[in-house]
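K.L.:
What follows is the residue order along each chain.
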Amino acid sequence: MDRVKKIYTRNEFYTAALILVLAVFIELRSGLFFTSNNILDILRGMIVPGMLGLSEYIVMVSGGCDVSFPYSAALSMYSTIILLKAVNFTGNVMIAFLLSCLFGIVIGMVNGLIIMRYRFPVLIVTLATCSICQGILFGILNAHEIPVIPQPIQNLAKSMLIRTYSEKAQMAGSLPLVFLVFFILTAAVWFLMRRTTIGRSIFAVGGDVSSAERIGIKVNFVYMFIYGFAGFIAGLTGMTRVVLMDTCHPNTFSGMDMTVIAAVILGGTKVTGGSGSITGVMLGTMLFVIVNNSLQLMGIPNYWQKFFLGVLIVLGTGIAAFQVSRKRKKGKAG
Amino acid sequence: MIKQFKQMFAAGNWAHPARDSVKRQLLLLVVLFAAMSILRPSLFLTSSNLNAMAYQFPEYGLIALGVLFAMIAGGIDLSLIGIANLTAILMAKLLISWTKEEMSGIQNAGIFFICFLLCMAVGAACGMLNGCLISGLKIPAMLATLGSLQLFSGIGMIITKGKAITGVPETYVTMGTGKLFGFLPVPLVIYIGAVFVCHYVMSRSTFGMRLKLMGTSQKAALFAGQNNKRTTVKAHMAGGMLASFSGFIMLARMNSARPDFGSSYTMQSILIVVLGGVNPAGGFGTVKGVVLATLILQCFSSGLNMFPAISPYLKQLAWGLTLLAVMIMNFYSRQRKAE
Amino acid sequence: MDNTILSLKGISKSFGGVHALDQVDLEVKKGQIHCLMGENGSGKSTLIKIISGVYKPDQGEILLNGRKYESLTPAESVKQGVSIIYQDFSVFPNLTVAENIFFGYVIAENQKLTHNQENIRKAQAIAKEIGLEADMGEILENLSVAQKQMVAICRALLNNARLIIFDEPTTALTQKEVKRLFSLIRDMRKKGVSTLFVSHKLEEVFEIAEEFTIIRNGKKVITTFAASITREKFIYYMTGRKLSEDQFVCKEKTEQVPLLEVKGLFMEGAYRDISFSLYPGEILGIVGLLGSGRTELALSLFGMEPAQKGQIFKNGKEIKLTSVKQAMEHHIGYVPEDRLSEGLFLPQSINWNVGISNLGMYAGRLGRLLKDKMRTVTQQYVKSLSVNTTEIDKPANFLSGGNQQKVVIARWLSCNPEIMIFNCPTVGVDIAAKFDIHKILRTLAAQKIGIIIISDDIPEVYANCNRILIMQKGQIVKELTNTETSETELYSLIGSEYADEKEAAG
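Heads up: the sequence lines are chains A, B and C, in that order. All residue numbers for the first sequence refer to my numbering, where the first residue is 1 and numbers rise by one. All residue numbers for the second sequence refer to my numbering, where the first residue is 1001 and numbers rise by one. All residue numbers for the third sequence refer to my numbering, where the first residue is 2001 and numbers rise by one.
Okay, chain A solo, but in the shape it has when bound (with noise of 0.2 Å):
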């Protein structure tokens, strides 16, 4: 009973609610959503941002605050189309992940060094990151569009992992291939923060840095674990949008930060640091999918979208802050 009991409590049990709610509600409305095509879709939908927000998943459960993954991730992408198109490479399309996660984690490292050297405060200095970023994306490399990308990768964009046909919508949905890259990634995620020392040790320094520092966790080689491993995901998100959306655009993750970042408190994570579950992240970004493609099912104009992902956030947060004004009560009594 008492597992039933905290099952109530947790955050990740009122997003799951929401997202069911609103799934009925939109299949009474259009009765489209619990077909084929739209659940592709919505996977589909979950993978960029629900890999970006395993990305500031890490670094939020360490106390943490990451603004800079969209131009990190852009810059990591951005960087490796153009060396790949200059050398015209007809290679393996692994190469191509690989070093897009290759300029994410030095991109990484970059925040992970300033962080884990001086401890200032991680949204400024994402801040500033992200502000180079842009710059070097845009002033140095002068980016823009590149519609034709290498060959393997575009050959990787049309393979599909499910092909379906639904008869109630008429129409046909896919799941491409690269779902795998997601798939694997949080599985992965998984694995090292629940079971791993250095994931651990990530939850403890976001618990409490000091005493982290006192059992002898070498706090400073995990903030850079943290940052290095976060642009590695970068990167690789890069990389898969690019597959994706079989074209190159730089300013695909403009304005995704703070998107993203709702969406994993949505999950649970708490902004402070020490807690939060891969469950909550995905569920967090399923609820935002969901919104972001059912306003559209619905027929509600594009234009109100903002409008509702405020209230969401709002809601949300206001949730979470009054759950924990209510054990603070409970704990003072007696």
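A hint or two may mislead.
[Unchecked claim] The calculated lysine to aspartate or glutamate pairs, modelled on DMTMM-like cross-linking and capped at a C-alpha distance of 20 Å, are:
hint, chain 1, residue 1, chain 2, residue 2
1, B, Lys1219, C, Asp2338
2, A, Lys270, C, Glu2138
3, A, Lys218, C, Asp2430
4, C, Lys2176, C, Asp2187
5, C, Lys2179, C, Asp2457
6, B, Lys1219, C, Glu2305
7, B, Lys1229, C, Glu2138
8, C, Lys2112, A, Glu213
9, B, Lys1337, C, Glu2337
10, C, Lys2219, C, Asp2430
11, C, Lys2176, C, Glu2133
12, C, Lys2049, C, Glu2061
13, A, Lys218, C, Glu2109
14, B, Lys1138, C, Glu2305
15, C, Lys2201, C, Asp2430
16, C, Lys2219, C, Glu2337
17, C, Lys2029, C, Glu2061
18, C, Lys2242, C, Asp2430
19, C, Lys2439, C, Glu2232
20, C, Lys2201, C, Glu2211
21, B, Lys1337, C, Asp2393
22, C, Lys2056, A, Glu213
23, C, Lys2049, C, Glu2168
24, C, Lys2079, A, Glu27
25, A, Lys270, C, Glu2141
26, C, Lys2056, C, Glu2076
27, C, Lys2049, A, Glu12
28, C, Lys2242, C, Glu2255
29, B, Lys1219, C, Glu2342
30, B, Lys1219, C, Glu2337
31, B, Lys1229, C, Glu2109
32, C, Lys2176, C, Glu2207
In case anyone wonders, no lab produced these hints; they're calculated from the structure. Remember, it's a predicted structure, so these values are computed and weren't measured experimentally.
Assemble the complex: chain A is given as a structure, and chains B and C must be docked to it using the hints.
P.N.:
Frame of chain A, contents of chains B and C only:
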């Protein structure tokens, strides 16, 4: 003992370098100004350039002042650009609906004035919402203002249906882009006025003291009999009103209002405030520092524009590097001081 | 010597020319319970850090298990079996109990994967051994303070600690929990684990320590056995001065109407049936152990957490204390228990710390702050309370504990209070400053301000309160005057276990 040390490190060390950081900023400003003047005298030191600069920085400078209030309170405000855009949109709509071609000057002025008051009230109301979310519902400031940013932009989008609103009465535009006494740009006058008021509030009023103490420790403030809710709401209302003025200026300059303008202003204003020596933990910061940082950024920005070989995007690169450099310099100077 | 686990000889350490430690010797034998005592600033934290390898001594020898260490590192110290349990326990509130217990072990053993069954089993075994009853999968922040401390002890034991150093372990524990901790320490002694106990509470030394060492101003004053010390000698060793205080005597009551009267105050889960009166010139003491409801009562009298039922009368007229603002309007001041986080704005100036509660008086037109007026008033109170500084623009965190407390008192004095409530007024304050503050309290009482001291420091209450209320489990169980009781009786009345010990010690 350990707790004491932690607190000292967190906030106390920012207190005193404030004075030195202002000196350093002043020096930087002078150097920058001189450098730009020397390198491109024909472009930089001209009245037209100084003019252009004086028209540009008030917009984000006002928003930076709003962020200052929020940060000293111990939080942050990411929604100010949303408030600015929203008030610009509302102002535009009201002006368009209420003014008619055949109205006299006095009537126009009257209507303008009423619209100002209404839109300023909306700005204040938005700020009040922020304050209530943060102090009433206890939502962390970053999240609350993240959400309210979407809300305010969203409302703006709903009103404009995603497009820009144009067709604001000529008189408004001329007023907003004109010059007082022939040489002072109106936006600059507004900014200077705001700076004086903010400085007074921050450094000479009881509210300023309450704000800084609450920003240092909410708990201690409660035990000292302070009404933290009221102080927080007031601080964010101030930010909202400052943002609304920014909106008025933007509307006049662009002769249109959009729900998504100035998305870079958010980051820029946080940069300015940190550059201005404000401690993100709360409790310390000066209007002087923020103004200087604003001017520095403007000089830098305009200066870079004068080198056509340098892409404007390099500005962003420069800002990012500068922010990191300044923080690192502050870090080492604090260390030296502690020894 | 073979049975010595820790031996420090002639340890000296300076920071920037200031001697923190000067030729200090300390010896802890195997399986011994040794107490280290000293005032704030005496050097005891520095000594601890040297033992744990965080600091390196400028001079002197460190021997662990008979082996000399030229440069001891924290890792080596842990390896040699030295574990420190800090006041905040250094635990992770967001991790599980099991993880908190085995994390240090995992790091030391360089394991890459945690959460294996072996680790959890080990943690469970240790927890069982010392009697910690908690679910291994429970998140730590849901545990009580005493349980968290036991988790920290488990962690130390899992790291094969042979010497556990406790830094002020009993500050946040209830009486029962202190008893459990002490019996645990005795159990560990039987297993050969030594304990070095840093404390300033004499009663605890009497109860648990076999040997104790007092240091003062960086020098070792004495190492001796618990049996051979009296309170006076103890104060002399700790402060170097013969300090004593007479009992407070209240002048004859002339008023008929009490300054403050409460009837039937009630707060669910905290206290009930609280009724008492306070006359001007009195110092009323409300004593009780942690958990007796005394802090909740204090906060209710200040309006911060209003009572749910009951009546409050001031000078005969009924008043409502449902907010701090109202309390201040009725000229009630409150000096909180935790001056660092509740009382002061540490990085802000002394001037502001004093002036903040009286801004109404310093407000001019248009909300203007009358800075000169505030400064004058602050200077006045800083002087009259003998705060150890003349620069009121210095941040408050530069002051010592006693002076910091004086700043908080100054703040409320500047509001012209009629009633002052002090919650543990001298906790963490050096003995000399403690007596200073007591003198201040008596002066205030002589000025006809009604004073309430809420505390668990029996000697303090006994010497300074003319009337004492005993609180136990949320109720007032007895009212006494200080002349008709004794410290021993007070201890037994609040339910303290020390009563028997003290009787035996004489």
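K.L.:
Straight-line Cα separation of Lys218(A) and Asp2430(C) no greater than 20 Å?
P.N.:
37 Å, violated
K.L.:
Does Glu2133(C) lie within 20 Å of Lys2176(C) when you go C-alpha to C-alpha?
P.N.:
Distance of about 15 Å is within 20 Å: holds.
K.L.:
Is Lys1337(B) within 20 Å of Glu2337(C), Cα to Cα?
P.N.:
32 Å, violated
K.L.:
Regarding the pair Lys2242(C) and Asp2430(C), is the alpha-carbon distance no greater than 20 Å?
P.N.:
Roughly 14 Å separates the two Cα atoms, so the pair holds.
K.L.:
Taken at face value, is the distance from the CA of Asp2187(C) to the CA of Lys2176(C) at most 20 Å?
P.N.:
Given pair Lys2176(C), Asp2187(C) holds - Cα atoms ~17 Å apart, limit 20 Å.
K.L.:
Given the hinted pair Lys2049(C) and Glu2168(C), is their alpha-carbon gap at most 20 Å?
P.N.:
15 Å, holds
K.L.:
Can you confirm whether the C-alpha distance between Lys1219(B) and Glu2305(C) stays at or below 20 Å?
P.N.:
Answer holds: Lys1219(B) to Glu2305(C) is near 14 Å, not above 20 Å.
K.L.:
Below or equal to 20 Å on CA atoms is what counts here, so check Lys2242(C) against Glu2255(C).
P.N.:
Given pair Lys2242(C), Glu2255(C) is violated - Cα atoms ~38 Å apart, limit 20 Å.
K.L.:
Would you check the hint for Lys270(A) and Glu2141(C), treating anything up to 20 Å between C-alpha atoms as holding?
P.N.:
15 Å, holds
K.L.:
Would you mind confirming whether the straight-line C-alpha gap from Lys1229(B) to Glu2138(C) stays at or under 20 Å?
P.N.:
35 Å, violated
K.L.:
Holds or violated: Lys2439(C) with Glu2232(C), Cα cutoff 20 Å?
P.N.:
Distance ~19 Å between Lys2439(C) and Glu2232(C) Cα, so the pair holds.
K.L.:
Given the hint that Lys2056(C) pairs with Glu213(A), test it: the Cα-Cα distance must not exceed 20 Å.
P.N.:
18 Å, holds
The structure fails to meet hints 3, 7, 9, 16, 24, 27, 28 and 31 from the earlier list, while all remaining hints are met.
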